[in-house]
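Enquirer: Need the complex rebuilt from these two chains, each delivered in its own frame; the hints are there to steer you.
So you can see what is in the structure, the chains are spelled out below.
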Amino acid sequence: MVKIVEKRQLTPITKLYRVEAPLIARAARAGQFVIVRVREGGERIPLTITDYDRDSGLLTIVVQEVGATTRRLGLLEEGEEILDMVGPLGEAPEIPAGGHIVGVGGGYGSAALLCLMRELKERGERTTIIMGAREKELLILADELAAICDNLEICTDDGSAGFKGFVTERLQQMIDGGPPGYPDYVIAIGPMPMMRAVEKTTAAAGVACAASLDPLMIDGTGMCGGCRVTIDGEVKFACVDGPFFDAHQVDFDEAVQRSKMYTKEEQQAAECQRAAAGAA
Amino acid sequence: MPVKRTDKTPMPHREAAVRAHDFEEVNEGYCFAHAMFEAERCLRCQDPVCIDGCPVRVPIADFMHAIAAGDMKKASELLRTANPLAAICGRVCPQESQCEMQCHMTKRFGPVAIGHLERYVSDWEMQQPIEGEPLQPWREQKIAIVGSGPSGLVCAGELARMGYPVTVYEALHAPGGVLRYGIPEFRLPNSILDWEIASLERLGVEFVNNVIIGKTLTLDQLFGELGYAAVFVGTGAGLPKFMGIPGESLNGVYSANEFLTRINLMQAFQFPQAETPLKVGNRVAVIGSGNTAMDAVRSALRLGAEQAMVVYRRSENEMTARVEEYQHAIEEGVEFHWLTNPIEVLGEDGWVTGLRCVKMKLGEPDESGRARPIPIEGSEFIFPVDNVVLSIGTRPNPLLAKTTPGLKTHSWGGLLVDERQVETSVHRVYAGGDAVTGAATVILAAGAGKRAAEAIHADLAADQPQPA
Chain G
1459 MVKIVEKRQL
1469 TPITKLYRVE
1479 APLIARAARA
1489 GQFVIVRVRE
1499 GGERIPLTIT
1509 DYDRDSGLLT
1519 IVVQEVGATT
1529 RRLGLLEEGE
1539 EILDMVGPLG
1549 EAPEIPAGGH
1559 IVGVGGGYGS
1569 AALLCLMREL
1579 KERGERTTII
1589 MGAREKELLI
1599 LADELAAICD
1609 NLEICTDDGS
1619 AGFKGFVTER
1629 LQQMIDGGPP
1639 GYPDYVIAIG
1649 PMPMMRAVEK
1659 TTAAAGVACA
1669 ASLDPLMIDG
1679 TGMCGGCRVT
1689 IDGEVKFACV
1699 DGPFFDAHQV
1709 DFDEAVQRSK
1719 MYTKEEQQAA
1729 ECQRAAAGAA
Chain F
593 MPVKRTDKTP
603 MPHREAAVRA
613 HDFEEVNEGY
623 CFAHAMFEAE
633 RCLRCQDPVC
643 IDGCPVRVPI
653 ADFMHAIAAG
663 DMKKASELLR
673 TANPLAAICG
683 RVCPQESQCE
693 MQCHMTKRFG
703 PVAIGHLERY
713 VSDWEMQQPI
723 EGEPLQPWRE
733 QKIAIVGSGP
743 SGLVCAGELA
753 RMGYPVTVYE
763 ALHAPGGVLR
773 YGIPEFRLPN
783 SILDWEIASL
793 ERLGVEFVNN
803 VIIGKTLTLD
813 QLFGELGYAA
823 VFVGTGAGLP
833 KFMGIPGESL
843 NGVYSANEFL
853 TRINLMQAFQ
863 FPQAETPLKV
873 GNRVAVIGSG
883 NTAMDAVRSA
893 LRLGAEQAMV
903 VYRRSENEMT
913 ARVEEYQHAI
923 EEGVEFHWLT
933 NPIEVLGEDG
943 WVTGLRCVKM
953 KLGEPDESGR
963 ARPIPIEGSE
973 FIFPVDNVVL
983 SIGTRPNPLL
993 AKTTPGLKTH
1003 SWGGLLVDER
1013 QVETSVHRVY
1023 AGGDAVTGAA
1033 TVILAAGAGK
1043 RAAEAIHADL
1053 AADQPQPA
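So the protein lines, in turn, are chains G and F. Just so we're aligned: 1504 in the numbering used here is position 46 of the first sequence, and the numbers increase by one with no gaps anywhere. Just so we're aligned: 725 in the numbering used here is position 133 of the second sequence, and the numbers increase by one with no gaps anywhere.
Okay, chain F solo, but in the shape it has when bound (with noise of 0.2 Å):
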């Protein structure tokens, strides 16, 4: 009997002094040995509660079982039945939040490493030959995916697998929406986004790109003359917002969707290969400490950058990123500014030249439950900076709805779903993700996916005539 681990198997990971120059994987990934130990932590509950963690649901005490037993063609099977983009989420879920803080492990010990299982296992699954004919659809009724995020695509694959014909458009000239303008190969490899979608196509999924639903066809063309029976509306929350600070024009600031689409969609650390520049000085200041800030302010190192820092004006205990980007944030030498807040972006020829900010103390907790951030007086001070990124979030992209009457958002630029939480305001479109939420997490998107899909599902069956 081997002697078990109290802590997580740790995750093999490239040096910080190495990978923060480039933009390969920082993870490399357990390797079989590892698996079969970390799975062998697994305490086997009579009632596992990790599943409750988990938007979709996995069956994770299963998957563990299949894994120690050394099956991974069962426990791939069980993986991918509940989470179609498991190698991704395997990569950027925050479990720690989800399933592993449910994980009985954790009232003594460390937890079960899940999301480094999901990822062993899908990468195991990646490298197995393919087997059988791709797919194809059996169902008359065409069906629409407006957008080719995690969502769209997770919405795409359950009904393809049900053998409808499904047609994703992408407004970009690559598939992926934030997977592939949002995070940085670094985190998640285009190759694996690349590998995902291939899958899709081999189940009769087909990709349609640079098309935007709203301008370039309507909602009603996609019904009327193209003939789908029921639209997906995954279109993510891609409007970046601004401070409202003064300074934020000068040249060098960037919205982290910029300052991200040009490095991961347009390759702008290939320059000039790649045509797309991105301008990267000496000192980089991201405000905000999400995952994108993380992605931002590591890629700003990457890119040569010798002062990365992040900027927040909260406390370390209200930080929204994954932990374990945190931790390799600071491995890869990221400076974290912690209560403090910028007021403005100071600047001189219309360029960039430094970061007024002030120092905050934390208050009673304000309406989202987390301690108010105040002012403290008279401790103003100056970052000096090259490049301010903004990273304080997104929202629903208002395009789709602009153009389409009757289709009803909230004020914030949500889309009102039904009490399903699939359907809009507008008959037979179904909407999930991100542009219904507000910005939140891939699995979440996957999930609202998979269950658009199945409403879809039942709401076409139901519109069929019934056999006498």
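Just chain G, same shape as in the assembly (with noise of 0.2 Å):
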């Protein structure tokens, strides 16, 4: 049981919330993801850790409700338990030093980027956050992220805030020399459509780019083998080989696959939920 010490709604749908889970916060790096289930007979889903501290031992994550089991956690709040926490899991992704290191945000997936962003600036690198969101309300955490980089470059679809446009759009304005300069480096996390421009962009242009990737998973131990991707015609587990894999080796057609295989049985299940909340 993992306790909640604060709840924060960052938009309608997304939920930050602290817990108490030193061990876990301890061990964490930054890249390495949890897996919760919230209710007995519940599913077991991955969350990208947002942040943590080592000596509060408060792990920090951003949660989008999407189906079920995220619509569920969005129910509890401060002082209620997660049932169940285990991590952190997947490794820590390994990026080269030097170079100007671009971390590309999109919807929940900016949240990711905090403490990843930080400590590659307190490594010493030049760091840019592009966010992007269909409009102002959706952008998440963009205080916390403007805090630790060197420059956070917001864009909106709608052009309610900052550059009018995706991500992938002001990154192409970087890579054809705008400010805030020349990506040596580039970090996905986000959708899959949006992860997939990301590395269309970059590899037009020759810059080396990390997807995180987060598929379907149960136990994320490598036991299952759910997980499972096509990474320059290998296949492995992102449970434990990844979240972060060379973008331009990824097989994306298909890993969009293989994440819609239970896109019917979620709306059944979130329809059982609504039923069962009906009735109550």
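The hints are simulated quantities; they were obtained by calculation from the structure and are not laboratory data. Possibly wrong hints are sitting among the right ones.
In silico EDC-like cross-links for lysine to aspartate or glutamate, where the CA-CA straight-line distance does not exceed 20 Å [as the list claims (entries may be wrong)]: (1) F:Lys1000 <-> F:Glu1011; (2) F:Lys833 <-> G:Asp1699; (3) F:Lys994 <-> G:Asp1699; (4) G:Lys1694 <-> F:Glu840; (5) F:Lys871 <-> G:Glu1724; (6) G:Lys1465 <-> G:Asp1511; (7) G:Lys1722 <-> F:Asp978; (8) G:Lys1718 <-> G:Glu1729; (9) G:Lys1465 <-> G:Glu1478; (10) G:Lys1718 <-> F:Asp978; (11) F:Lys833 <-> G:Glu1692; (12) F:Lys871 <-> G:Glu1712; (13) G:Lys1579 <-> G:Asp1601; (14) F:Lys871 <-> G:Glu1729; (15) F:Lys699 <-> F:Asp639; (16) G:Lys1718 <-> F:Glu840; (17) F:Lys734 <-> F:Asp1051.
Expert: Structure follows, in structure tokens:
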């Protein structure tokens, strides 16, 4: 059982939780993830570690309500407990030193850039974060992200904040010589279509790019193989070999296809949950 | 004098047509009369050799005599002292290649049903009221067990009985390891596992779920800040093998581990009340012939598959599953396609539609001593299927070795152990079960756990300052 000490509503469907998880907070490295289960009979779902504090033993996670489990998690309040949490899982990414490192975050993926980009800056790297959302209200943790990198570039589809357009358009401007400068290494964290687009943009310019994949997972320890992804023709398990991979080597077609495996069942579970809530 | 049967007293079981649609236990267990009658079949050999077939050396002859005398209390004490997981082993041990194979009765008749009687006596034990207070550890030196599968459970129980404070760390949210996530309830009900674990808790064993040694805590931390005097690693062989044939990443292809974990650990058969889904179509092909393959194919039937089949490149003779599981699978309507090797999973729009196979014939024995299957040219054909489940084996999980400097493994991933077959390359770190041997049986893991407990006890006693 993991106790929630702070809950913040970031957008109507995105919540930030700080939880008491001292063992995980002490062992965590930026880029790793945890797996949580919210109730008996509930699913195990992976969530990226947004931040950790070794001293206080607090772990920060950001949850976007997209399915039955994340919605159930979103109902939990301060003082309540998350049934199970295990981690830290996966490997921290190895980002080469030197050069201009650009983290590109889409939607709630931006949250995952927080401790990762902070550590890169602390290591002495020049860092830029490009974060994107549909509109201003859906931007998350912009102040926190601004504080931990050299430049924060905000993009919205409708122009309600920052640059009007996609993160990839902003990234392209930088590749073309615009401020804050040419990216030497790009880290993409967000929805699959966004990461794919970032991969295309960087590939065309010959810029190195890492993507954080979040396929379906159960145990998170390499036991089920459900999270397998094809990297440069080779099968890898995202839970133990990832979650970061060279984006230029990822078989995105397959990853997208596999992520849709249970679309119908996810809707069914959500309906069942609504029906149960209605009956109560 | 009652007439003795020439064959085993049959195990009462539920009708195939009924049980193939639910996850309730198949075997119903002997009643008292069955047990007495079957124990009477024991020849009371002067030199019982059945014990040599048992990896944990249950004193089978004495055990038989106790049952025949109606002294179930004595029988259960004899059993449990030798085999701390008797209720489980009575259900899942391959007796036909162990104790029952040695039984002198097999020279002319069927062997004594040692396995069925093991189950009977442990089921009897579970019905008895719990007596006495839970055990309190009385020794100082703490022991950590990594993994709560069979080897870890047995090692924990043995050490707790010797008075050590024991903590078992489990990566998943429920203890039991492969007994929980791997073996389906129709063969091993969770209630049996829960009872075994509750018994260990009464011996003072503490269970900590959701902690991965090598990730959440390192081995160094266990010895250093947490102050354990010894660690037993029973992390099993949980890494699924894939065949490396085209199409394995199509939707609808599962490792047997994933397929069974979704069902057993996550209760996908209760979807959507349980929220983990599992897609089972009308036609399911399971590749492999071990117990896990049987578990997967029979689970597929129970989840509504109209055609559930086993596809195996060798023949029935080389099948590695327990005979009873194979018979049950046949009764339930599982199809078996021997000498058939899958070469490609076919798909459409990202989903499985078929399995391309080639027929095989048997050649000379290979390095495993079994006849080598050879493809028959021009014999390719396609099974139309909706799911493919790969049950072609597992390897030891590399996670702990990967994060522990100095913990040496074989090239195939098994942990290296000393000549006593217990201590790893790291001082006071012991290992046993599938993590050392590669995928094997519950009883071999139990035996390894027991051996490690004895070694830990001996080594720690030697560490203690001797009285002057």
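Enquirer: Does each hint fit the structure? Answer for all of them.
Expert: Structure-based check of each hint:
no. : hint                    : result
1   : F:Lys1000 <-> F:Glu1011 : holds (14 Å)
2   : F:Lys833 <-> G:Asp1699  : holds (15 Å)
3   : F:Lys994 <-> G:Asp1699  : holds (11 Å)
4   : G:Lys1694 <-> F:Glu840  : holds (12 Å)
5   : F:Lys871 <-> G:Glu1724  : holds (12 Å)
6   : G:Lys1465 <-> G:Asp1511 : holds (16 Å)
7   : G:Lys1722 <-> F:Asp978  : holds (16 Å)
8   : G:Lys1718 <-> G:Glu1729 : holds (18 Å)
9   : G:Lys1465 <-> G:Glu1478 : holds (12 Å)
10  : G:Lys1718 <-> F:Asp978  : holds (16 Å)
11  : F:Lys833 <-> G:Glu1692  : holds (14 Å)
12  : F:Lys871 <-> G:Glu1712  : holds (18 Å)
13  : G:Lys1579 <-> G:Asp1601 : holds (16 Å)
14  : F:Lys871 <-> G:Glu1729  : holds (18 Å)
15  : F:Lys699 <-> F:Asp639   : holds (15 Å)
16  : G:Lys1718 <-> F:Glu840  : holds (16 Å)
17  : F:Lys734 <-> F:Asp1051  : holds (13 Å)
Checked against the numbered hints given earlier, this structure breaks none of them.
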